[in-house]
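Visitor: Using the sequences and the accompanying hints, generate a full structural model.
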Amino acid sequence: MEPFFLILRRLRRPLLALIGTAIISVLGLANIPGVDANGNPAILGYFHAFYVMTFTATTVGFGEEPYAFSEAQRLWVIFSICISVTSWAYTLAVIFHMTRDPTFRAAILRSHFSTRVRRQTEPFILVIGYGQSGTVLAQMLDRIGYKSVIVELQADRVARIETQEYLRAPLFVAADGRWPETLVDAGVTHPQCQAMVVLAGDDDTTQAVAIGGSTLNPNLRIIARARSEMAVANLESFQRIEIVNPYETFAFNLGQDFSSPEKLRVREWLTGLPGAKRPTVLKLPIGHWVICGFGRFGHYVAKALTRADASWTAIDNNPELAAEPSLLQKTYSQETLSEAGIERAVGIVACTDRDAINLAAIRRARVLNRDLFVVVRQMHASNASLVEATNADLRFIQADVTSHEVRQLITSPLLSRFLQALRADTGDLAQRTSAQLEATVEDRVPFLWVFRCMEAFPGLREAFAYNPEAPLKIGDLLVYPYDPSRNLQAMALMLVRSNEEVLLPEAHTILQTGDHILFAGTKDVDVLQKLHYLSPSPLPLIRTGVEPPRSWVFRKLAAWRTAAR
Amino acid sequence: MNLEKVIFGFFVILACTLNTGFFIGEIDVIYQHNATELFLALGISVVVMVLKLGDRTQIGALQLATSLAVVLQLILSCFVWVWQTQVSGQPMDAETMSTIVSLSGGALLANVISVILLIGETLRQTR
Numbered sequence: 001m002e003p004f005f006l007i008l009r010r011l012r013r014p015l016l017a018l019i020g021t022a023i024i025s026v027l028g029l030a031n032i033p034g035v036d037a038n039g040n041p042a043i044l045g046y047f048h049a050f051y052v053m054t055f056t057a058t059t060v061g062f063g064e065e066p067y068a069f070s071e072a073q074r075l076w077v078i079f080s081i082c083i084s085v086t087s088w089a090y091t092l093a094v095i096f097h098m099t100r101d102p103t104f105r106a107a108i109l110r111s112h113f114s115t116r117v118r119r120q121t122e123p124f125i126l127v128i129g130y131g132q133s134g135t136v137l138a139q140m141l142d143r144i145g146y147k148s149v150i151v152e153l154q155a156d157r158v159a160r161i162e163t164q165e166y167l168r169a170p171l172f173v174a175a176d177g178r179w180p181e182t183l184v185d186a187g188v189t190h191p192q193c194q195a196m197v198v199l200a201g202d203d204d205t206t207q208a209v210a211i212g213g214s215t216l217n218p219n220l221r222i223i224a225r226a227r228s229e230m231a232v233a234n235l236e237s238f239q240r241i242e243i244v245n246p247y248e249t250f251a252f253n254l255g256q257d258f259s260s261p262e263k264l265r266v267r268e269w270l271t272g273l274p275g276a277k278r279p280t281v282l283k284l285p286i287g288h289w290v291i292c293g294f295g296r297f298g299h300y301v302a303k304a305l306t307r308a309d310a311s312w313t314a315i316d317n318n319p320e321l322a323a324e325p326s327l328l329q330k331t332y333s334q335e336t337l338s339e340a341g342i343e344r345a346v347g348i349v350a351c352t353d354r355d356a357i358n359l360a361a362i363r364r365a366r367v368l369n370r371d372l373f374v375v376v377r378q379m380h381a382s383n384a385s386l387v388e389a390t391n392a393d394l395r396f397i398q399a400d401v402t403s404h405e406v407r408q409l410i411t412s413p414l415l416s417r418f419l420q421a422l423r424a425d426t427g428d429l430a431q432r433t434s435a436q437l438e439a440t441v442e443d444r445v446p447f448l449w450v451f452r453c454m455e456a457f458p459g460l461r462e463a464f465a466y467n468p469e470a471p472l473k474i475g476d477l478l479v480y481p482y483d484p485s486r487n488l489q490a491m492a493l494m495l496v497r498s499n500e501e502v503l504l505p506e507a508h509t510i511l512q513t514g515d516h517i518l519f520a521g522t523k524d525v526d527v528l529q530k531l532h533y534l535s536p537s538p539l540p541l542i543r544t545g546v547e548p549p550r551s552w553v554f555r556k557l558a559a560w561r562t563a564a565r
Numbered sequence: 001m002n003l004e005k006v007i008f009g010f011f012v013i014l015a016c017t018l019n020t021g022f023f024i025g026e027i028d029v030i031y032q033h034n035a036t037e038l039f040l041a042l043g044i045s046v047v048v049m050v051l052k053l054g055d056r057t058q059i060g061a062l063q064l065a066t067s068l069a070v071v072l073q074l075i076l077s078c079f080v081w082v083w084q085t086q087v088s089g090q091p092m093d094a095e096t097m098s099t100i101v102s103l104s105g106g107a108l109l110a111n112v113i114s115v116i117l118l119i120g121e122t123l124r125q126t127r
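Line by line, the protein sequences give chains A and B.
If you read the first sequence in my numbering, its first letter stands for residue 1, the second for the next number, and so on.
If you read the second sequence in my numbering, its first letter stands for residue 1, the second for the next number, and so on.
By construction, these hints were calculated from the structure, which means they are not laboratory data.
All values reported here derive from a predicted model rather than from experimental measurement.
Heads up, the beta-carbon is just placed ideally off N, CA and C, and yes, glycines get one too.
With the Cβ distance kept under 8 Å, some of the chain A side facing chain B (calculated, not the full set):
1. 458
2. 534
3. 535
4. 547
5. 549
6. 550
7. 552
8. 554
Guide: Here's what the structure looks like:
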């Protein structure tokens, strides 16, 4: 309703002018004397006057109705046309001006957006900020089956959404997420809103949006990307806000690559963009490292190197940095690189906040030492091809790291539990997982889903109640339900029963009601698996290879035919 | 192709078509409603009901319920016919025929529901 009133308010003067001219011209024409078809004096009257004015004022012009006008009437009609056409032209001018006015258009778009969000019936995820990370994340959400609602301040970024490929077209608006009304319009209080992911450009905005969202809807799950320690500390005091820190994650990954590369590989494999190529193993060399750029990201990397017992020397030309024994506050010249020990170093991390400086530093360092392991930070997506041309062994792209983290949190709490177990594992869980993944999805990133053994599903009730001698097993869920000779391309990652976790459960594991199983597999396998939820259950077909007769007569018939054979 | 599905589908649809065949025509015009057709509709409906016995799925239970309704309605309609012509010994009149046909109309509705369930289940399986 709001834009309707806005239009009325803008059109107040032209509408008044239209009404005014209509009144004047009808009043005059109704009372000016004329003659009828028989030559008797007559006036038009209000009905006929109004009828004539409706087509005269709009310049349709049917002629002189109901009979020819007198000269006085014609004079009045001339006057009426002059004033009414002028007021029509004025009205049209105001309408055209209004529709070209950016604030008016924004208001219309905004109201359109909030109506569409309000009518949303499927679950969606609210994404605040559509920069590089937001773009990667929205595409990831689309792949794993969520619709996204996007709020972004910059109009050109929002305009990009329409040209990108999505299965479920996102709803979007160009607005400031710090305003509570924006968040409400975008559905922060909507019952179908599953989570809000805040990926604003700077930490201050992120804080404001996350805290605003948490205040508006205290039960909403909020995932915020924060990089500075202060922002992290502020947000941690809110229970429903989860923090993703891409710098820390990347440094953690580096550290894990030194200690247990296979674990890192499995983790990246499970959290990547489903259907994309799986990540490769890095095998970072341990030894002396040179870090170019000692900002927040550099600090995290340095910490990870220290933890892995690698030595490092940092270079940064920012004079404001606090002095540190292994920090050279100089330019990134060849002399400085030599001084940092580039000749004896095993690797270089180029992580200043300028792509050009990173590229130059890598080039200079390679002149001095050809066998360096190169880690480079990519700042802008537009420089991707340049950064790729360096042939760096590892690229840090904040958007990718962030989206991996968010996928972990959003897919299912079961995935987080699996990854935690993987982190804590001291055996060969990582190797076994990666071997099974290899056999299931080959070199692709799997889709993940959860199978719930709830008795409320009629198919499962049948499976649990009617087959006590042959209970439902995990292996049954891995068979193609229409043809038991084929297997589904899926594997069970974890079985959760009350609070007990079974990692990589075997196919012969017997299921109970209340079990949750995390599966990994190719696209749409979960749809086939969910046939087990429906009645009649595909279980007998899987077991025997033939569809069992369902009613008493057909059972007798089948028994008779078997006996005859 | 599954033989059970063919037989089952055949009888369910046949019951519905016979029922429809008896039902159509002016409700009180005696020669437009055939006694044999009503008899066959009742017979096939009983067969369908027996075929549905013993199916423990949810949709099977609903299928059986529709058949029970069909059989009940058709038995009542046959009973009215027999009462009029045999027990009372009167010739068939328009009033009695209206009762018979309207009872078979109720059975037709239940038969249609049964066919809808059959189609629904088939569509769901091929999703």
